[in-house]
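Take a look at the letters that make up each chain.
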Amino acid sequence: MALDQLVMTKFGETAGEEMILNMGPQHPSTHGVINFVVHADGEVMKKAVPQVGYLHRAIEKIGEIVTYPGFMPYTDRIDYLAAMFANEGYALAVEKLLGLTVPPRAQYLRAISCELNRIASHLISLGSMAMDIGAVTPFPYALRERESINDLLEALCGARLTYNFHRIGGVGFDMPDDWMPLCRKWLDHFDRILDEWDRLISFNEIFVERLAGLAVIPLEMAINYGLVGPNLRASGIEFDLRKAHPYGAYPDFDFKIPFGKAYAGAYRGGVVGDCFDRFYVRVLECRESVSIVRQALDKFPPGEFMAPKVPRKIKPEAGEAQSRIEAARGEMAYYVVSDGGERAYRVRARTGSFLAMGIIEELSKGLMIADLVALIASLDVVAPEIDR
Amino acid sequence: MSALTFEQIHQRLAGKFGEAVGPLQPAKKDPFCTFAPARLLEICRFLKSEPDLAFDFLEDLTATDHPKLNLIRVVYHFYSYPHRHMFIAKAEVNRQISEIDSVEQLWKSANWMEREVYDLFGVRFKGHSDLRRILMPDDWVGAPLRKDYSEAGGYRDISNVRDNPLDLYLSMDRELKAQQAAAQPAAGSQSAAAPEQHAAPNPPAKPGA
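Sequence lines, in order, name chains A and B. Heads up, the first sequence is in the working numbering, so the first residue is 110 and it goes up one at a time. Heads up, the second sequence is in the working numbering, so the first residue is 736 and it goes up one at a time.
Source of the hints: derived by calculation from the structure; they are not laboratory data. Do not rely on the hints blindly, as some may be mistaken.
[Said to hold, decoys possible] Beta-carbon label-pair distances, calculated as ranges:
1. B:N899 / A:N313: 55 to 65 Å
2. A:T271 / B:N899: 20 to 30 Å
3. A:T246 / B:E785: 49 to 59 Å
4. B:R780 / A:T271: 38 to 48 Å
5. A:N313 / B:E785: 40 to 50 Å
6. A:Q160 / B:E785: 32 to 42 Å
7. B:N899 / A:R301: 50 to 60 Å
8. A:H298 / B:Q760: 45 to 55 Å
9. B:R819 / A:R421: 31 to 41 Å
10. B:W875 / A:Y189: 18 to 28 Å
11. A:V175 / B:A771: 32 to 42 Å
12. B:F752 / A:P417: 40 to 50 Å
13. B:R780 / A:R301: 47 to 57 Å
[As the list claims (entries may be wrong)] Taking lysine-lysine pairs in the DSBU-like style, the calculated list, with each CA pair at most 30 Å apart, reads:
14. A:K474 / B:K843
15. B:K751 / B:K861
16. B:K861 / A:K155
17. A:K155 / B:K843
18. B:K825 / A:K424
19. B:K882 / A:K424
20. B:K825 / B:K803
21. A:K170 / B:K882
Glycine included, every Cβ here is placed at the ideal spot set by N, Cα and C.
So that you can see chain B by itself, here it is in the shape it has in the complex (with noise of 0.2 Å):
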């Protein structure tokens, strides 16, 4: 019932893991590390098994895209409810082929929210018990939260370009003023008069001048 650090447990891990454990990096607020894809499961399974550690609640999984290096990061946030503790960790993989393990089989909550990642990164999740797409429509193109993503132009013949209502107003306003200048005739004094009429969102002129 003692809670570690996040020192304490990275030691445990690289310790039992050796490489497959990266350094701990100091990153300025949260720190982490990353796992190897390849035995993610199996560090995951230690995670929650040891006793010391009891890593029982997927807190959170996610993750975020790098496409300059061509990588995307599941991220991981695991708490212990009887330690209370908690320790952050993130898997590397390929942009490309973008496929790791699932940890639907240790924690039930990892089924949903592999599930997100999925829909919205297209990573693919090995062992997952039904990865459909669950925030986006099922024919939806590509994976929205990745960063080179664009959106097609539309979903079902529903266009999702719109006109910038200023472009309308501006354009309906410049089909006033020209009606307006071919309504009056073209004496001097007159059409100098004439813009002031309508220039409604001018200042109001000052007295005096």
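If we strip away everything but chain A, and leave its shape as in the complex, we get (with noise of 0.2 Å):
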């Protein structure tokens, strides 16, 4: 029997009743300040629309006030869960423009710290959505892994969030003598967590009949509405922008895309792009991301990690470049335009989070308040980097 037959027969008559309710802002699993006004009869909902801009600080106003390196601190603040990509983002975009090739070692130095953070954002992702579904558990020990990296991250850089450590030429410091060993201690420590986490959450029986073809996204409906990263690999497309577009020192590394194959498995109900795709890939991700780090120490070059030409007063000719990269929460693009002063004319920094919040509307409908949690969590949004 279908949802809405089942209402009819449970309340006959007063069902059909529009009940309009606030979710949020100051909502534990709405990730941040948003406000979601959902449309229900009963448990199902008619649809719920978000309401973002609660965390609007101006930032791309502000690219056009600072100066070019002025700008990088600023950058971290665009998505603070990942906030190397939005530095290696704006980084590229101003080196694009400026027409600098930066030395190996940073690149590598940017690989390497890139790819620490995407995992550190996944376990994020990953945790509070168990979390949000009902299983306290697995959040803390997501976290004790995050603190790890944090930790090391901070070792490299000085910084645990806010690491303004991509420079426009480089990186800020090279890596510390007694880095790497800790580095690659911790990754064969990791390898054994991934495998407790598979057994902890992603492969428990509820958990997977939860998110089991559930807010089921087609790949067209996906790029339609301008998905992208896990939630558009997870419809089942093998895209990547590390490998269709490479950057950086990402050619020198060999690793998979995982992307949506129905992980939850068709006798559960399982279908391409549902919620436990867009979980299980990002599991995956974090395995394939340990292993870009592990060749990016095997590889690691000497040299400067700084391109020895960076002018002090950056003034690029005019112009205009963009710059993609693969971020934790999908292809970030940074779009400079420069009219040949101190300060951009005009920067622009389209995120995965504010075009992901755009399809809620659209697939909420029809599903119950419960799953709108589920759909939020898998979606990995984060309000900094919708409202920017």
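The two chains are supplied separately, each in an independent frame; assemble them into the complex guided by the hints.
Structure (structure tokens):
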């Protein structure tokens, strides 16, 4: 029996009345200050309309006010769970404008720091997704591992969240002498943790059945709505900017692109592009990131960590450039327009979460209210990246 | 399944639409071309539906403001997953009229990005299903990313003007010094020694100086 009919038989004539509920902006499972106006009939939603902007800090406007290098710390605040990527994207765009080539050692440091940051960001996403659904135990396990990554990145660049590590022309600091063995030791440890994670939650029968076949996004819809990164790949396309349009040190590494294959299993009702695919693609990406960091440490080249000829005053010639990188929440693109001055004429940050929010109104139609929480968590949206 | 270059895509478009597609700008970094706003939808539909172009992904939609030219340029970044090529186009709109066709019917991702451009640049999109402010509050005045935008003094009785904390410190410092000067007797030898006691920011005196 369809849910609508079920409601009708249970409540008779009083059914069919629309109730409008506010979820957020201070709701623990909205992942930041986001408000959802839920139009519901009992437990079934007619639609959930996201209201964003609570965390708008006018970062694009600030980009027109400060100098090119001065904007770098602000990029950290675009996505504070994966700030390395925001750094890297902006640095790449300005380097493209300047025509700078970055030394290999700096590119490797960028790749290492980004992949570690990707694991940290995915751990938060996976842990909080499990918690939103009701499995509280995995979250502290995920946070414990993320703490180690924060410690490693702190040793590398002195900050735990807002790194300001990538600079225009290279990175801020060289790798400390004793850092590499520490990192290797942690990677060996993390391999075992990933196996443990699968036993703990990924293959937990209740968890898988809860997410199988839920809020399916077909590939065509995902592309049309502009989903990127893990959300897009979960819908069954093998596309990763690190492979499709390689940048930095990524051509040197050998890694696979995980994509949605109905991991929940057809007998449980798993469909390509359901919530469990979005969950499990991230778990697999963590494994790939570990492999990339290992390869980068093995091949770590000597040399400079900063391009030798970075001008003190950065004044690119008039023109425009766009950089596209594969961030933790999918494609992040910086579009920087220069008019020849010391300050950018326009800085635009295209982020994955912003458009992932746009799909929620369409997807929420006919879902239960409890499923909305799973949907938001599976899309891995964070408020600062939406609002900028 | 073959990627086309910018030039090849531009040639296809120019061959089909003639003058509605501007010349390829020899921009130093990323080349782009302009579309005539009147035929924007038509060209975009062609970009999306033609099998060898197949731009199924509207990667980015934003704008730049040019008050001296009295123009707002709406910037479109297209990408094709089947062919893995991209294309950049701009459509120029008058700053006063600032109205252009919405491409939401072709790419749903345009819905939120056009709302953002409407919010921050004040460009209205004809045919948009839900054109509301998205990042700023609904009753906000002005388009913040326009170059000539100046903030109002506040929003809903919340002032956005803050005193410079340094001014506060300096005025406190002046007051303190005035109080000290008033408390000191006007004798010559003592008043010469007094400032040194309170002048903390001064470097310590060199030994033997």
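Now for the hints, and whether the structure bears them out:
The given range of 55 to 65 Å is respected by N899 (chain B) and N313 (chain A), whose C-beta atoms sit roughly 56 Å from each other. Against the hinted window of 20 to 30 Å, the Cβ-Cβ separation of T271 (chain A) and N899 (chain B) comes to about 25 Å, which satisfies the hint. Checking the proposed 49 to 59 Å range against T246 (chain A) and E785 (chain B) shows it holds: the Cβ atoms sit about 52 Å from each other. Between R780 (chain B) and T271 (chain A) the CB atoms are about 43 Å apart, so this pair conforms to the stated range of 38 to 48 Å.
Take N313 (chain A) and E785 (chain B): their Cβ atoms lie about 47 Å apart, and the range 40 to 50 Å holds. Checking the proposed 32 to 42 Å range against Q160 (chain A) and E785 (chain B) shows it holds: the Cβ atoms sit about 38 Å from each other. For the hinted restraint 50 to 60 Å between N899 (chain B) and R301 (chain A), the CB-CB distance of approximately 54 Å keeps it satisfied. Between H298 (chain A) and Q760 (chain B) the C-beta distance comes to about 52 Å, which sits within the given range of 45 to 55 Å.
For the hinted restraint 31 to 41 Å between R819 (chain B) and R421 (chain A), the CB-CB distance of approximately 38 Å keeps it satisfied. Range check, W875 (chain B) to Y189 (chain A): Cβ separation about 25 Å, and the 18 to 28 Å hint holds. Our hint of 32 to 42 Å for V175 (chain A) and A771 (chain B) holds, since their Cβ atoms are close to 36 Å apart. Distance hint check: the CB atoms of F752 (chain B) and P417 (chain A) are about 47 Å apart, consistent with the given range 40 to 50 Å.
Separation of R780 (chain B) from R301 (chain A) is about 53 Å and conforms to the stated range, judged on CB atoms against 47 to 57 Å. The hinted pair formed by K474 (chain A) and K843 (chain B) meets the criterion: a straight-line CA distance of about 16 Å does not exceed 30 Å. For the hint linking K751 (chain B) to K861 (chain B), the alpha-carbon distance of about 24 Å falls within 30 Å, and the restraint holds. A hinted pair counts as satisfied when its Cα atoms are at most 30 Å apart, and K861 (chain B) with K155 (chain A) qualifies at roughly 27 Å.
A hinted pair counts as satisfied when its Cα atoms are at most 30 Å apart, and K155 (chain A) with K843 (chain B) qualifies at roughly 20 Å. With a C-alpha separation of about 24 Å, the suggested pairing of K825 (chain B) with K424 (chain A) holds against the 30 Å cut-off. Restraint check: the Cα-Cα separation between K882 (chain B) and K424 (chain A) comes to about 20 Å, which is no more than 30 Å; the hinted pair holds. With a C-alpha separation of about 18 Å, the suggested pairing of K825 (chain B) with K803 (chain B) holds against the 30 Å cut-off.
The suggested pairing of K170 (chain A) with K882 (chain B) holds, with an alpha-carbon distance near 10 Å, which does not exceed 30 Å.
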